[in-house]
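Student: The primary structure of each chain is shown beneath.
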Amino acid sequence: MVLKSMSDLKAIVEGKPGKKLVLAAAQDQHSLGAVLRAWKDQIIEPIFIGDKEGIQNICYAEGYDITGLRIIHEPDIDKSVEMSVRMLSSKQADILMKGKVGTSSLLRSVLNKEWGLRTGNLLSHIALFEVDTYHKLIAVTDVAMNIAPNLRDKISIVNNSVSLLHKLGYIMPKVAVLGAVEMVNENMEATLHAALLSKMNQREQIRNCIIDGPLAFDNAVSLESAQHKGIKSEVAGDTDLLLMPDIEVGNVLYKSLVFFAKAKVASIILGAQVPIVLTSRSDSEQAKYDSILLAAAASK
Amino acid sequence: MVEKVLSLHRKHRIAVAWAQDINTISAIHKAVNYGLADAVLIGQSAEIKNICRRAGINHELFTLVDSEDEVNASAEAVRLTRSGEADITMKGLVGTDKFLKAVMDKSSGLMNPGAVLSYVCAIELPAYHKLLFITDPAVIPVPSLEQKIEMVKYAVEMAGRFGINKPKTALISASEKPGRHFKSSEDYKIMCSMVKKGEITDCIMDGPLDIFLACDKKSVDIKGINTPVNGDADILLFPSLESSNPFYKGLMLFAQGELAGLLRGTENPVIVMSRSESEKSKFYCIALACLMA
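Quick mapping for you: the protein sequence lines, in order, are chains A and B. Per my numbering, the first sequence starts with residue 1, numbered consecutively. Per my numbering, the second sequence starts with residue 301, numbered consecutively.
Source of the hints: derived by calculation from the structure; they are not laboratory data. Each hint should be verified, as a subset may be incorrect.
[What the hints assert, rightly or not] The calculated label-pair distances, taken between Cβ atoms and stated as ranges, are:
1) B:R480 with A:E53: 47 to 53 Å
2) A:Q202 with B:G524: 45 to 51 Å
3) A:R37 with B:S307: 31 to 37 Å
4) A:E224 with B:S383: 55 to 61 Å
5) A:E204 with B:N412: 51 to 57 Å
6) B:S444 with A:S280: 30 to 36 Å
7) A:A61 with B:K483: 43 to 49 Å
8) B:N412 with A:N121: 24 to 30 Å
9) A:N187 with B:S307: 38 to 44 Å
10) A:K232 with B:A355: 35 to 41 Å
[Unchecked claim] Covered stretches of chain B, as calculated for chain A (at least 3 residues, CB under 8 Å):
11) 424 to 432
12) 468 to 476
13) 480 to 489
14) 534 to 540
15) 545 to 556
[Stated by the list, open to error] Not everything, but these chain A residues come out facing chain B in the computed CB check (under 10 Å):
16) G33
17) L36
18) W39
19) V221
20) S222
21) F260
None of these values were measured; they are calculated from a predicted model. For each residue, glycine too, the CB sits at the ideal point set by N, CA and C.
With the hints as extra help, turn the sequences into a complete structure.
Tutor: Pasting the structure below:
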């Protein structure tokens, strides 16, 4: 199966029992609205951990109905994050979401050796985009977490992403490794990584997907462009997952798709025991809602 | 942009290297029809005439110069430009590397002495309120500080031709927070201080900025960041070809962008276009070359 839109994503979780989502330091007006909406739509079962009074004040001011909402009072931010993470590592819940806490302190707790959510895999970020001008959803990684991944990191990032896509119903997702050019150029490390990843895929060192690269952005998403250049590739023009060379490239692309191409986006962190929703203040409420949706679909 | 060029009432002469390519000829034909330019088509004349006939274009609108291979055709196009018989050079079906070799030849080429060869393009986007100038999406893989400074100058000069004074220049990164992970941060810091000291002039500059803070006022307000670019950038300078290239291609494919781009650092405008660009973009490139000539 291939997902064409965010509604396809919703179809995956609809009708299933709601996954338990823990909002850490829940007194956060930027994330609380989206969580409550997802609760109302029966996508998730939220558990708010944080300053009860702060949470109630925000909900009162925004007019949210929180009758029946499970709130665990813990005014100290660090403690509320630890409590949240422990709840997940003891399997009492399915999804972790960042509230009013800095990304770095949340991740520190996630990576805690004693009670954290480590699996031994690298943590990586994945973003799923719905763009009018592309025929299906396109996943992009890593635009927010790993700054300059080396080859080993990129293998982990691909594996994290491919196993997510499998959970969403993909059988052999097509992975394009992005370069500025489609030829291997010894001065551009990303093209060397791309060539190696493609070969490792052919040799079944990386499985359950079809990898090709380097592909320039236009070849990756447009068959016409690829044909113009005479590129023969199973992936060109039909990419499910785009692997970025580094965070600078990924972040610029992510933000320009959202801002200039009016893309819808859902994003989560992979590689921990549970999916983590880690949105930023400047994400739209819709993007936060869709990210929760993605986490619920990823949580099996 | 086209109107701007037409209002200058100047007609240019374009020398096209290895011109037997329908996309190139139809873009040139459009420019000739608009009265922007005359053209010298260098290549296999018989083939050029065939292509024109099939496309219903009168080949007598152009001057044809016979040439037997792409290297000679490129050299001839450059020679015509150097001698003043043409004032714009354009790549036809020849490979970019061979064409640039002729352009960059130290004794017979078109480079300004000591100049940095770079590329600037202007992008028109439905989702942005004005033209956006991008550098460098095509030539320099990872620009040094010196190259970045030249790139800004080229972009500022181009924006100036469009009547934009003191363009707001955003130095792009993944985050507005400088960090040791980002090699560009240090260069950006130096460049901003050079603007303050008046060593880089005629622009307002800030960086590092991400795309949101560069182009979206709302994001600036949400994050409460004080930046002179203020979500209203005219120019985006990218830290690498790897980041700029997918940026512009993404905008072309997904955000209905149209672009006009030009090599900089040459004495005369040199047009190098990718084969997969739309005809509209190709025509815009020619119009831009006329504006910069």
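Student: Hey, does the G33 (chain A) contact hint survive, CB to chain B under 10 Å?
Tutor: Since the shortest Cβ distance to chain B is 15 Å, the answer is violated.
Student: Verify the CB-CB distance for S444 (chain B) and S280 (chain A) against the hinted window 30 to 36 Å.
Tutor: Once the Cβ atoms are compared, 32 Å apart, the range 30 to 36 Å for S280 (chain A) and S444 (chain B) holds.
Student: Verify this for me: three or more residues of the segment 468 to 476 of chain B with a beta carbon less than 8 Å from a beta carbon of chain A.
Tutor: holds (count 4)
Student: Can the suggested window of 55 to 61 Å be confirmed for the beta-carbon pair E224 (chain A) and S383 (chain B)?
Tutor: violated (39 Å)
Student: For the hint 47 to 53 Å, verify it against the beta carbon of R480 (chain B) and that of E53 (chain A).
Tutor: violated (40 Å)
Student: Given a hint of 35 to 41 Å, does the C-beta separation of K232 (chain A) and A355 (chain B) actually sit inside it?
Tutor: violated (29 Å)
Student: Is it true that the C-beta distance of A61 (chain A) to K483 (chain B) lies inside 43 to 49 Å, as the hint says?
Tutor: Holds: the Cβ-Cβ distance is about 44 Å, inside 43 to 49 Å.
Student: Just to make sure I understand the rule, a stretch counts as covered if three or more of its residues have a C-beta closer than 8 Å to a C-beta of the chain. Does the segment 424 to 432 of chain B meet that for chain A?
Tutor: Since three or more residues must qualify, the claim that chain A covers the segment 424 to 432 of chain B holds, with 3 doing so at under 8 Å.
Student: Using Cβ atoms only, decide whether F260 (chain A) comes closer than 10 Å to chain B, and label the hint accordingly.
Tutor: holds (4 Å)
Student: Just to make sure I understand the rule, a stretch counts as covered if three or more of its residues have a C-beta closer than 8 Å to a C-beta of the chain. Does the segment 534 to 540 of chain B meet that for chain A?
Tutor: Per the Cβ count (3), the hint holds.
Student: Could you tell me whether the CB distance from E204 (chain A) to N412 (chain B) stays inside 51 to 57 Å?
Tutor: Since the Cβ atoms of E204 (chain A) and N412 (chain B) sit about 53 Å apart, the hinted range of 51 to 57 Å holds.
Student: Can W39 (chain A) be said to touch chain B, with a Cβ gap under 10 Å?
Tutor: violated (25 Å)
Hint compliance for this structure: hints 1, 3, 4, 8, 10, 16, 17, 18 are broken, all remaining hints hold.
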